[in-house]
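Peer 1: Sequence:
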Amino acid sequence: MRFARALTASGYVLGICALLRLGGCIAQITPAPPPPDPVAIELVNQTGYVLDANFFISATATDATSLFVPGNKYTDYTTRPSRTMEPNGSASFELDCDLVAALGVLEPVFSNEIGIGGGRSTDQIFRLRDQEYDCGSRLRFTYYVEADVFHVRVEAL
Numbered sequence: 001m002r003f004a005r006a007l008t009a010s011g012y013v014l015g016i017c018a019l020l021r022l023g024g025c026i027a028q029i030t031p032a033p034p035p036p037d038p039v040a041i042e043l044v045n046q047t048g049y050v051l052d053a054n055f056f057i058s059a060t061a062t063d064a065t066s067l068f069v070p071g072n073k074y075t076d077y078t079t080r081p082s083r084t085m086e087p088n089g090s091a092s093f094e095l096d097c098d099l100v101a102a103l104g105v106l107e108p109v110f111s112n113e114i115g116i117g118g119g120r121s122t123d124q125i126f127r128l129r130d131q132e133y134d135c136g137s138r139l140r141f142t143y144y145v146e147a148d149v150f151h152v153r154v155e156a157l
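When we follow our numbering, the leftmost residue of the sequence shown carries the number 1, and every step to the right adds one.
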């Protein structure tokens, strides 16, 4: 009896395949959608100080507390051994959109080349994808000094 059921099931499947071939049925295969456009980032240091940008990204963070953890700090924008940006320097890069559900800056640090002087900004910027930027967005983070106070601002381009 099991053999007969197996044969019947096999015959049913073969019959459907034969009908599809005879009927000229064409299976439509929908290609996978292209990956989302990356998020373009530009970091601009408008100061005469070495900059630790304290730039963070996360694929899963939903708030500032979960974004600003050591494992989310992004430093691949620089090749300097100290993982800092040169005075009056800039860096541009793209991030896969899937990797940046949230991004931001936490209290960037400014210092001169020999490590004396400078300071820390108290600024914090936190942005969520699909709320404050989208895949394909271009964001510029500008680090600057105003009235002897260090700051960072972000703008969509």
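Since the hints were made in silico from the structure, they are not lab data.
All C-beta atoms in this analysis are idealised placements derived from N, C-alpha and C, irrespective of residue type, glycine included.
Hints should not be assumed to be uniformly reliable.
Unchecked claim - Distance ranges between label pairs, derived from CB positions:
| hint | residue 1 | residue 2 | range |
| --- | --- | --- | --- |
| 1 | Ala-40 | Tyr-144 | 39 to 49 Å |
| 2 | Ala-147 | Pro-34 | 41 to 51 Å |
| 3 | Ala-64 | Leu-95 | 15 to 25 Å |
Peer 1: Next step is simple, just say for each hint if it's right about the structure.
Peer 2: Now the hints, each set against the structure:
no.	hint	result
1	Ala-40 - Tyr-144: 39 to 49 Å	violated (20 Å)
2	Ala-147 - Pro-34: 41 to 51 Å	holds (47 Å)
3	Ala-64 - Leu-95: 15 to 25 Å	holds (18 Å)
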